[in-house]
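Student: If you read the protein sequences in the order shown, they are chains A, B and C.
The letter at position 75 of the first sequence is residue 75 when you use the working numbering, and the numbering goes up by one with no holes.
In the working numbering, each residue's number is its place in the second sequence (first place is 1) plus 1000.
In the working numbering, each residue's number is its place in the third sequence (first place is 1) plus 2000.
Mixed in with the good hints, there may be bad ones.
Said to hold, decoys possible - Calculated pairs, DMTMM-like style, for lysine to aspartate or glutamate (alpha carbon to alpha carbon, straight line, at most 20 Å):
id, chain 1, residue 1, chain 2, residue 2
1, A, K78, B, E1209
2, B, K1016, A, E71
3, C, K2095, B, E1017
4, B, K1131, B, E1010
5, B, K1131, B, D1151
6, C, K2095, B, E1209
What the hints assert, rightly or not - Covered stretches of chain A (in silico footprint by chain B; criterion: 3 or more residues with CB under 8 Å from a CB of chain B, positions within the stretch not fixed):
id, stretch
7, 25-37
8, 50-64
9, 70-78
What the hints assert, rightly or not - Now the stretches of chain C that chain A is said to cover, found in silico as 3 or more residues with beta-carbon under 8 Å:
id, stretch
10, 2015-2028
11, 2038-2044
12, 2111-2123
Don't read these hints as lab results, they were simulated from the structure.
For each residue, glycine too, the CB sits at the ideal point set by N, CA and C.
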Amino acid sequence: MDLGSNQSITLSNIETIPGKTIVEFYGVVTGNTVRAKHIGRDIMAGLKNVVGGELKGYTELLQDSRREATERMVEQAKSMGANAVVNVRFATSSIAQGAAELFAYGTAVRVE
Amino acid sequence: MRFIPRSPEEGINVSKEHPLVEAGTLIVGVGLIFAVIAVALIFLVEIALYFVPAEKEAALFEDWLPNDIVAVSEDDERSQAVDALLKRLSQHYPNSPYSFRIAIDDSEFMNAMALPGGLIVLTAGLLDAVKSENELAFIIGHELGHFKNRDHMRALGRGVVLGILFVAISGSGAGSNYGASIADLALRGFSRSQEASADEFGLGIVHKEFNHVADSWRFFERIDEGEGELLDLMTYLSTHPSPDDRVDALIMLAGENGWSITGELTPVSW
Amino acid sequence: MGNMEKIGLALNFGVPLLILIVAYFVGNFIEKKHFRQIIRREKALHGFPVTTFQALPPDWQVGRAEMVTGSVVVSLDYFKRIIAGLRGLVGGRIKTYEPLLERARREAILRMIERAKKGGYDAVINVRLETSRLANARGNGHGIAGVEMLAFGTAITLNQR
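Chain A extracted, bound-state conformation (with noise of 0.2 Å):
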């Protein structure tokens, strides 16, 4: 899963984008999304809760949801008229049972 880099908008985690510098910066950008898993899934975990190993279906969900909200803050962004976002962070929590929320945020910028 590449989120390097989305067409024209550069992600990083750190501070600054790597070899170019920050002319100008916007504010704070975010995506989220809210994903439930379907019973077929709920069922595998709970046979996996007995035998171990990784749940594959729900690394799928969350690799989906991860894509969908990073899409999201960078769509944000591009709105601003930025061309990267530095200091992206993720966090997850569980909003219901069996549902999942991501979200993303970082600073949009404009670098050179």
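Dock chains B and C against chain A, hints included.
Tutor: For chains B and C alone, kept in the frame of chain A given last:
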């Protein structure tokens, strides 16, 4: 590095779809899924029944009595009387694979059950509530009708599968209650038609024995008028058709077959 | 179908449906009102710098600094709960929750900024966001009573900008 205040566009983090649309599709979708599951279950049970024919069932459960029943002794005058009545009635249903027997449960609630192996359980409370042999004959005949259709096995099978289904989905919160209600509705429809069929058979048996069907449904008319423990009534009504509908159907049935609804009544001997 | 059965059916499905409809309309109204209020306050605070990193423009000189927080707990209405429950069976995005979390987040950030402004600060840097769910006190901790959103960062005064 300059600070230039800018705001992102509105609405990127929310979906454009109207929440009622999502609600509508979910409610209808989940309802349909559960209805389909319920109907599929019914077919599964039919297939299972095919592999356990009545003869095998009768042999398996020949002398079986459920554990939670406090049986009244065979020497009790009620046991003797109902055994005699059963004998008379089952003569009109000669080719059954079951050898029918009755056990009386010493409970004050009114209940009559058809159980695997040809066992009919009547409660002491029921026997106290019937006022003539004709009423009791219809109730016994109704249970015989269930045996003819093997309804009791169906109910058992469905109960087991529904139980498993319920345990599997009970972790999902509010949605599963709705699904369970939908499945329950679908199954109630089926059990009601079973009851109607058993009623028809029972009435026929009564007519063969007494040559009339007087007072066969008088018992249910009394229930409709409010006799009997309320808790009792609620559980009864959840699977049987309501008494007034049932009585109407029986009256029509008697009319269609030309069976007389007046005649001499035989009182109960206890 | 007997009369008693019809009544039973109507109660079993009708009452939850009615509550659902009422919850939807009331919840929707409250949500729209909150969004309008949020947008108004954001406009008022438009020029206030907020970043998630620590680096500052070289010509900024920092005076005082203090950690500031803003938090809010938003509750779920019955309609959202039911929809989430149904989603839990079939999976997918719970679209009705998204405006809720959006509101919570923006409200928390606004409160943090308002707190900073009240303290006489000129910017907030290194902002972090955290979500937590609050479980129901009744019912064994199943189900959620609300969602808490926390925003915290370092507020600074600038001697010259």
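Student: Look at each hint and say if it fits the structure.
Tutor: How the hints compare with the structure:
1. K78(A) - E1209(B): Given that 20 Å is the threshold and the Cα spacing comes to 88 Å, the pair is violated.
2. K1016(B) - E71(A): 16 Å, holds
3. K2095(C) - E1017(B): 8 Å, holds
4. K1131(B) - E1010(B): Answer violated: K1131(B) to E1010(B) is near 76 Å, above 20 Å.
5. K1131(B) - D1151(B): 27 Å, violated
6. K2095(C) - E1209(B): Violated - the C-alpha atoms of E1209(B) and K2095(C) are around 66 Å apart, more than 20 Å.
7. 25-37: holds (count 7)
8. 50-64: violated (count 0)
9. 70-78: Per the Cβ count (4), the hint holds.
10. 2015-2028: violated (count 0)
11. 2038-2044: violated (count 0)
12. 2111-2123: Coverage by chain A is violated here, the residue count being 0 at a Cβ distance below 8 Å.
Hint compliance for this structure: hints 1, 4, 5, 6, 8, 10, 11 and 12 are not met, and every other hint is.
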